[in-house]
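Asks: These are the residues of each chain, in order.
Protein chains: 2
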Amino acid sequence: MTYRAPVDDILFTLDHAAGLAAAREAGLYDALDRETFAAILAEAGAFAEDVVAPLLRPGDREGARFADGAVTTPAGFREAYKAWAAAGWNGVLADEAYGGQGLPAVLWAATTELWASASMAFGLCPMLTQGAIEALQSHGSDALKALYLPKLVSGEWTGTMNLTEPQAGSDLALLRTRAERAGDGTYRLFGQKIFITYGEHDASDNIVHLVLARLPDAPEGTRGISLFLAPKFIPDAEGKPGARNDVACVGIEEKLGIHASPTCTMAFGDAGGAVAYLVGEEHRGLACMFTMMNNARLGVGLEGVAVAERATQQALAFAAERKQGRAPGYDGAAPIAAHPDVRRMLLTMRAQTAAARAICYRAAVEIDRARATADADEARAASERASLLIPIAKAFSTDAGCEVASLGVQVHGGMGFIEETGAAQLLRDARIAPIYEGTNGIQAMDLVMRKLPQSGGAVAAAEIGRLRDSARRLAETNAPALGASAARLAEAVDALDRATAWMQAPERDASEKLAGATPYLRLFALAAGGAGLADNALGALRSAGAAAPSAHAALARFFMENLVPAADGLARVATEGAGALGAEAEAALAV
Amino acid sequence: MTYRAPVDDILFTLDHAAGLAAAREAGLYDALDRETFAAILAEAGAFAEDVVAPLLRPGDREGARFADGAVTTPAGFREAYKAWAAAGWNGVLADEAYGGQGLPAVLWAATTELWASASMAFGLCPMLTQGAIEALQSHGSDALKALYLPKLVSGEWTGTMNLTEPQAGSDLALLRTRAERAGDGTYRLFGQKIFITYGEHDASDNIVHLVLARLPDAPEGTRGISLFLAPKFIPDAEGKPGARNDVACVGIEEKLGIHASPTCTMAFGDAGGAVAYLVGEEHRGLACMFTMMNNARLGVGLEGVAVAERATQQALAFAAERKQGRAPGYDGAAPIAAHPDVRRMLLTMRAQTAAARAICYRAAVEIDRARATADADEARAASERASLLIPIAKAFSTDAGCEVASLGVQVHGGMGFIEETGAAQLLRDARIAPIYEGTNGIQAMDLVMRKLPQSGGAVAAAEIGRLRDSARRLAETNAPALGASAARLAEAVDALDRATAWMQAPERDASEKLAGATPYLRLFALAAGGAGLADNALGALRSAGAAAPSAHAALARFFMENLVPAADGLARVATEGAGALGAEAEAALAV
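Listed in order, the protein sequences are those of chains A and S. Heads up: the first sequence runs through residues 1 to 591, numbered per UniProt numbering. Heads up: the second sequence runs through residues 1 to 591, numbered per UniProt numbering.
Don't take every hint at face value.
One copy or two, it doesn't matter: identical chains are merged, so the pair holds either way.
What the hints assert, rightly or not - Here are the simulated SDA-like pairs of lysine to any residue, each with C-alpha atoms no more than 20 Å apart in a straight line:
| hint | residue 1 | residue 2 |
| --- | --- | --- |
| 1 | Lys323 | Ala333 |
| 2 | Lys323 | Thr222 |
| 3 | Lys82 | Asp50 |
| 4 | Lys323 | Glu586 |
| 5 | Lys323 | Thr164 |
Everything labelled a hint here was simulated from the structure, so no lab data went into it. If you're wondering where the values come from, they're calculated on a predicted model, not measured in any experiment.
Kindly produce the complete structure, drawing on both the sequences and the hints.
Replies: What follows is the structure, given as structure tokens:
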């Protein structure tokens, strides 16, 4: 189960499906030419292949272990993490002022995919640290920034996000962790947090916990939540980790997957109060969280792409080797990849992976546009485009991660059910991504309730226009290798257009929109993913000629003719399905 | 995670969706009235709830263990199995001549569902024994029957199926296990078999292995395979287990799920040859296997129904208790079942489970018709109907098992990823069922290549006519509670009709049909499952009145308005998707 970092595929997708080549022509990435991009990704790919990927199976078998308040990561994780941080990979996105490299979001996204393909459990720790860095960069005081950011950016220290409590998961209004003012400008925290990724571990010198908690005089609900920073070791003025803070890991979870990543229960303040520092303003903690939400959700979407990519690579290798049954052109038993049904599975895997990647990287390009432009209107427009795409990128990609990993098990037949093969682990690892960082149901709600109405619906309309352009260009090409792709994509865009109009009709009430949100998101993803693969195919045909065999053209055709035809049915369900979810359904929901 | 055996649901589905009430009116089940059915299922349900279901979680944690050639089942399994056999449950289907109860296939099917819901790992052992019983009943010599059947039927001995070898999985033509004639009418076996369910264990006094092997003068391929019986202990003439045979378990697999069920590697003949007896004729072993294939595949389909049922029960209970977020009509946080998107997941779970159950039980009724009638033509027609439905029942139900169990994880949010919750185990257990007993891809091939052409296409045509009748009756009812169900179902039947005509067109070549087989099977299942839920809804409306709230009507409406609209897209993919799988796709399949 070797891993080959798909650097060329990523670069091609960035250029074409994600629109990076056009953005570069418009001057967006002028500090970085394509060769520099390629060199950085090649280096990251080599690290992912050589250092991280070999940890995947042993990390799963050994798992993170808990004893006496301490967590031990599996053999090799600590060393790999330190080498990774020493190579500067943790600072890709961070400000140069704090030792970061200030590189574009697309490079952060691409490297995030690579680490997660190599080992999702490994890649999670940096993903959380990145969230802490962003929260501090945007909302921390200068003192906090000066003390914490250099160490977080270098990766010497890692970060965590402490949101969930037993009674407060998706609904943060219910959280109870208590913060008290200590009188000296610092705070003390009291309470228990659960599901804290890398809340405790042995790979870094300090752990910086970002914690949502409630001050005594806080208003009820989400407007009474503040964000605090509570380090494991309280640093001195030079940033040397000092006294142990009153924060303890009291246990880790036994999970379906990502066994190497410790999921901790954290107790704050059992011995008098955990020393903490306010980040941003009192009672404005959730607003601070929203700052990093786009990147965090995109990062989780990329985990879906990453696991799908690795599952696809493994299934393709197995299907090329494993010989069962007869097929035309083979003497004796044929490789199972020659059987049409297995081919359908393999192409479904590769096409879904590519479509999810296209959507994620497009979102990353929009994040870069928003960061790079000096024009406030342009920045807002790009930011809104990114915001529209993020819930689609997160939900579709993580669903694709599970679907593709499950197909990977199926391609392996009986061997797929045996843990040694590794296919099953990918399914187990992938299964968390549709849940955390906002469940996919919440992404769908976010899409229809918050993102479609942006700028009076103009953002969604423009995006749909962009997808229609892809379909039109595809039709103009008229390449035989693309079969009926243009027609299928155009129909999907029409279906999306109808469903979007339905969602935005003034008479539509919230419960109707919410009932159709998940099929609507899937419909949007099929159209957007299809357009992305179309752009890739057009790019490949332009450079190699319409007659050359092209993986991009073949994938686009497969996606359009075999997956996109679901679009009409999804539009129908999104707009006509709500009636079946109403009060009369209660009888069918009896426990 | 308690389990409530859905006896009333099963009885209702049997009567309506499966057509048992009509069959009873036609005299098919005249020896058994509905009350007797209900009493038997109530008793089985109580046993499943009280004795087997509590073993599910501990059996998974402890797993079957292997040491020194012996397998130890998890604590409680041995005792539960013995109590289960003593209560007579193993003999439900078997001939009364050998101590069986000779009950209808529908009761075997319903009890199979109950055991597998309680613990799929537990239910597997009897399922394999049942296969051995059927093979012997149909093809064994009188001597073999007299010696082995009483013990297998009572459950004192268990049975296994030894087909797979490392190089021979779906393709049995490649198998190499060697059989030699001993000269005294017995045989000696030499070779290794893998993935042998309950190949070795501690719950029964003897294990009867049915083994596919090749005689020295056998023709190549599948026409050179013979079926043998090789017991673990060679019984004396009175059936007392005697000398240990040269059959050994040399290891068990570490699997994704069904941990309590030992999956054994079996070595035959390492010490001179395993004593074996021919079942049926030499070189006709595969034909013997076909005898039991219908029931075995239906049994695995029922495992899908079973796990889906248990996952649905658990998710419904969780969603009724867990409170997050606001919803109309609730003060404070609402149960998550009140949120439209969670409701969509719960109804998808329940509706898919019910549709899969309807298809499986309809197949069982057809098996009963074939067994019960004295008219050879009627028997053949019923048998062909069962044969048509079996691959759909197997593949759709086991896919539904995985999809529903995965939704079950999702409904639980973060808790779903924690093993203690139990939701994840159901996904792990369910994942094998689309693979074994003929992968779902092979079911789809079987459907389009072998089953559609039965009687020149008349069987499929009649079945589609039957589904159309359900849609027509639904339309005539015109009950508001059913929404647009009739129209959606009629469209799905039309789509199935079109795709079936395409599959049967004389100019269609095999590779085109095979390319569309999986989406075609899914399409057939949506129409057949929809018709089943329609029949249930019509039954409920007839007995309770159209105005009464009805779980059956609500489920039918949800299925028809939210899942069946995929039918058109599936028909399109089944009939237009093959072009994207051809030679030009090679470029996209590069490893």
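Asks: Hints first: check each against the structure and report whether it holds.
Replies: Now the hints, each set against the structure:
| no. | hint | result |
| --- | --- | --- |
| 1 | Lys323 with Ala333 | within (5 Å within a copy, 56 Å between copies) |
| 2 | Lys323 with Thr222 | between (58 Å within a copy, 16 Å between copies) |
| 3 | Lys82 with Asp50 | within (15 Å within a copy, 53 Å between copies) |
| 4 | Lys323 with Glu586 | between (50 Å within a copy, 17 Å between copies) |
| 5 | Lys323 with Thr164 | between (48 Å within a copy, 14 Å between copies) |
Of the numbered hints listed earlier, not one is contradicted by the structure.
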